[in-house]
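Asker: Sequence:
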Amino acid sequence: MSIPFSLYMSQSLYGENGYYTTPHRVGTKGDFYTSVSASKFFGGAIASYILSLLEKGSLYLPLHIIEIGADKGYLLGDIALFLDALSQNVMQQCSFITIEPLDNLAQTQSAHFALLAKQTPLHFATYKDLNSAPQPKPQTSLFIISNELFDSFPCEVIHNNAMLHITQDSHIWRGIWQNINAHTRSIIQTYKYPADYSGIMPLWEDFISSLGQFSKAYQQCYLMSFDYGGYDQTHSLAFNPRFYLQHHVQTLMDFLAQNGDFHTLYKKADITYDVNFTYLDTLLCNAGFENVFRTSQARALIEKMNILTLLESFATHQGFKAYFREIQKVKTLLHTMGERFVGICYTFKV
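Each number in the working numbering corresponds to the 1-based position in the sequence shown with 1377 added.
In short, the hints are calculated from the structure, not lab data.
This one's a predicted model, so the numbers in the text were calculated from it and none came from an experiment.
Check the hints yourself; a few may be wrong.
Claimed, not checked - Calculated pairs, DSS-like style, for lysine-lysine (alpha carbon to alpha carbon, straight line, at most 25 Å):
no.	residue 1	residue 2
1	Lys1495	Lys1706
2	Lys1449	Lys1708
3	Lys1593	Lys1726
4	Lys1706	Lys1449
Just need the whole structure built from these sequences, with the hints factored in.
Answerer: What follows is the structure, encoded as structure tokens:
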């Protein structure tokens, strides 16, 4: 018996007892940390951007703020706290929502929001998928946020006109190359990949189509996301996909060259890849979205979202010691992660 690599990846990350079902995997004490765990001002800058959209009339109240792939809910919680601190009479008209198919993470997110030290009562809800979320009332706006979401979708691996499968006939699981299935071949043809394409094929299409359908119900919609990647259409197999296990990184091709046993990584390692923002942009535009900006995380936070102005305001109210402590964390967002990660923003063409 063999299964496509995409199914192996899905079961390994999201199946029962899968890698992402354990919240402690992510964060400063976990296997890896994200912009969210680096600084609360990441969420603060997003809150500041939301307020700027409201002030310009690009978004309206009431507003639904939805995070997809929220892990413990820290990012959405930070956004809520900063909105509470930076505005008046906004929180009362906001609903905070996570889309979370994993029950234990949904419970963790709900518990986190229940304990937030907010000044204004807030409305929080979590749903398994977009289809489960209720229809909005008329004149409601939508802001969707995600961080490191698109690099966690299952992907197919294509090489020498064949597709990677994983054998599961015994306790030793091996990678084998088999014929490309019809669905994957249709994606290659539709998006004009070379006939001899070698690389990965992220399975984003259905999800992005559902995003477009979901956004149609709103008066206005913005979508913002941050991820690691670039604009290279080839998605070289030299670096993609990658396994992260106990702070060690190994590429798929190296693992295959060693005739590695995929069972040793199953539900124990993170599996990720560089996001191809050229392909992602094509899918989003096809679904009805229109690009607002696409730039490095550092430039997005500084030029589009005014994170430095937010820090200066924090210094005025909290003093230099608190400011100095926070600026060290923000440096991670702007320098360590700032050029390696890309920030994108789209609006939906209603």
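Asker: None of the hints should be skipped; say for each whether it holds.
Answerer: Evaluated hints:
A distance of roughly 22 Å separates the Cα atoms of Lys1495 and Lys1706; the hinted pair therefore holds under the 25 Å criterion. With a C-alpha separation of about 23 Å, the suggested pairing of Lys1449 with Lys1708 holds against the 25 Å cut-off. The straight-line distance between the Cα atoms of Lys1593 and Lys1726 is roughly 9 Å, inside the 25 Å bound, and the hint therefore holds. A threshold of 25 Å between alpha carbons decides the hint, and for Lys1706 with Lys1449 the separation of about 20 Å falls inside it, so the pair holds.
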